[in-house]
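Working from the sequences, and respecting the hints, build out all of it.
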Amino acid sequence: MQAARVVVTGMGSISPFGRGVDTLVESLFSMKSAVVNVPALAGFGGLRTRVAALVPQTDPREIPRKHRRSMSPMSMYATLACQEALGQSEPPGKYFVNGRMGVIIGSTVGSPIVTEEFFEGFLANHSIEGMRATTFFQIMIHSCASNVAQALGINGRILAPSSACSTSCQAIGYGFEMIAFGKQDAVLCGGADEFHPLSAATFDIMSAASVRYNDTPHLTPRPFDAGRDGVVCSEGSGILLLESLDSAKRRGAPILAEIVGFATCSDTSNIADPNSDSMEACMRQALEDAGIGADRIDYVNAHATGTIQGDIAEAEALNRVFGDNVPVSSLKGHLGHTMAACGALETIASIAMINKGAIVPTLNLDNIDPLCKNIRHVREVEQLSIGTFAKNNFALGGVNTSIVIRRYEYD
Amino acid sequence: MTDQEIIELIDTTLVNEFELNIDEMIPSAVLKDDLGLDSLDRVDMVIVLEKAFNFKMSEEETIRAIRTLGDIHNFVINKNRKLGKI
Numbered sequence: 004m005q006a007a008r009v010v011v012t013g014m015g016s017i018s019p020f021g022r023g024v025d026t027l028v029e030s031l032f033s034m035k036s037a038v039v040n041v042p043a044l045a046g047f048g049g050l051r052t053r054v055a056a057l058v059p060q061t062d063p064r065e066i067p068r069k070h071r072r073s074m075s076p077m078s079m080y081a082t083l084a085c086q087e088a089l090g091q092s093e094p095p096g097k098y099f100v101n102g103r104m105g106v107i108i109g110s111t112v113g114s115p116i117v118t119e120e121f122f123e124g125f126l127a128n129h130s131i132e133g134m135r136a137t138t139f140f141q142i143m144i145h146s147c148a149s150n151v152a153q154a155l156g157i158n159g160r161i162l163a164p165s166s167a168c169s170t171s172c173q174a175i176g177y178g179f180e181m182i183a184f185g186k187q188d189a190v191l192c193g194g195a196d197e198f199h200p201l202s203a204a205t206f207d208i209m210s211a212a213s214v215r216y217n218d219t220p221h222l223t224p225r226p227f228d229a230g231r232d233g234v235v236c237s238e239g240s241g242i243l244l245l246e247s248l249d250s251a252k253r254r255g256a257p258i259l260a261e262i263v264g265f266a267t268c269s270d271t272s273n274i275a276d277p278n279s280d281s282m283e284a285c286m287r288q289a290l291e292d293a294g295i296g297a298d299r300i301d302y303v304n305a306h307a308t309g310t311i312q313g314d315i316a317e318a319e320a321l322n323r324v325f326g327d328n329v330p331v332s333s334l335k336g337h338l339g340h341t342m343a344a345c346g347a348l349e350t351i352a353s354i355a356m357i358n359k360g361a362i363v364p365t366l367n368l369d370n371i372d373p374l375c376k377n378i379r380h381v382r383e384v385e386q387l388s389i390g391t392f393a394k395n396n397f398a399l400g401g402v403n404t405s406i407v408i409r410r411y412e413y414d
Numbered sequence: 020m021t022d023q024e025i026i027e028l029i030d031t032t033l034v035n036e037f038e039l040n041i042d043e044m045i046p047s048a049v050l051k052d053d054l055g056l057d058s059l060d061r062v063d064m065v066i067v068l069e070k071a072f073n074f075k076m077s078e079e080e081t082i083r084a085i086r087t088l089g090d091i092h093n094f095v096i097n098k099n100r101k102l103g104k105i
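These protein sequence lines are chains A and B, in that order.
Under our numbering, the residues of the first sequence are numbered 4 to 414, in order.
Under our numbering, the residues of the second sequence are numbered 20 to 105, in order.
Treat the hints with caution; some may be incorrect.
From the structure, some residues in chain B lie toward chain A, with a derived Cβ separation under 10 Å [unchecked claim]: (1) Phe37; (2) Ser58; (3) Leu59; (4) Arg61; (5) Glu69; (6) Ser77.
Keep in mind the hints are simulated off the structure, nothing from the lab.
Glycine included, each C-beta is placed from N, C-alpha and C at the ideal position.
Put into structure tokens, the structure is as follows:
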């Protein structure tokens, strides 16, 4: 069976920089930081980190109440990002009704904000009195995917992968495979997360959250930098509309890039610690899936979150696969770690780099860690024609993902 | 509370909860067809009214028969009378 070619025909972003892909890309190229001091974090005993990157408030009423009532913030982010992704494309019309368009959107957990609200009453009163009928729909782990489908009337497949930092990279990969295998013509793929102090706490208790830059938040996180001290939690949603090439051509949709390879694997060496061997294996599998050698990769968008161990392991793995001459950058210095959204948001930005012919450098990379010097870091905006790039995401729980994407050559 | 005060409190509570227009709040308005309130909304409607009037409604059999806004007005007014709040 000949696998269908899969292209990107729309992109949508809700990020700490605000609404829209253009805002995201302009902010990244302008080397802005979205990280701020969050005074409310001081109210939690034992929590040392005080920094985060938060989505600017939007008017939720732009989503009709009927759909919004079952949404927590993360589902709203996902819905708005999907609307943008669909708007970039010609209206996909028939996909909304014939079951050939699906939704693959995941999150790290079900809404922590609504879960907290529920348990506040439940634990205090040992009662479910006052529990809203819509609470479950906001907390369920497939809340984003289901809410998007409901709000936009998409009646194909629904999938909600949940693998923390690898979530949306997996969503893109699984959508790619679903379309390549002919099971769907188009799929909205991505991830979403909402900030909650528990996200920051998760990293803080493992000594993997940034705690030394609370008063200078724009200086953290610091991927690959000698002065890095951990993750900065963030929020948002990134969505890509994937579509079979045939379908995109048939309806004259703009083609932004082509997905050519994907791999995901389980790192069983440790549930928390990164492992360069497993990362390397994942990247090699993605290249094999794409049917190309490492020499064909012009740029790598790294996962690099700014943790001590993770950045070293990724740099090692990158060096073994690509050597020390392929440009590498991480966008976590600008955005923080948007968790389940990061794979999609960073892929969107990387596709924008293809189309701009320039690479966004790593922010806050002032003094490269000697243990991360074995790869070619991009430290200022570089003009470069990118034919093909690789994108990594590695997650707690031992979930590794890599995608290979190339410029689409119209033929 | 007078009947009119009860009706006003019901209407404003539902307007705020379900983002309705106060002009729509006429007694003959059918909850599902005119106000767009489905089964999930009916659950939340009971919760907000219980909170507004500080009594339990959800275990009442007659609540199932409610179709219109006027039915709610009557239900709450009667309930208040039974409880001796009027």
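When the structure is checked against the list of hints, which entries are broken? Sort them ascending. none
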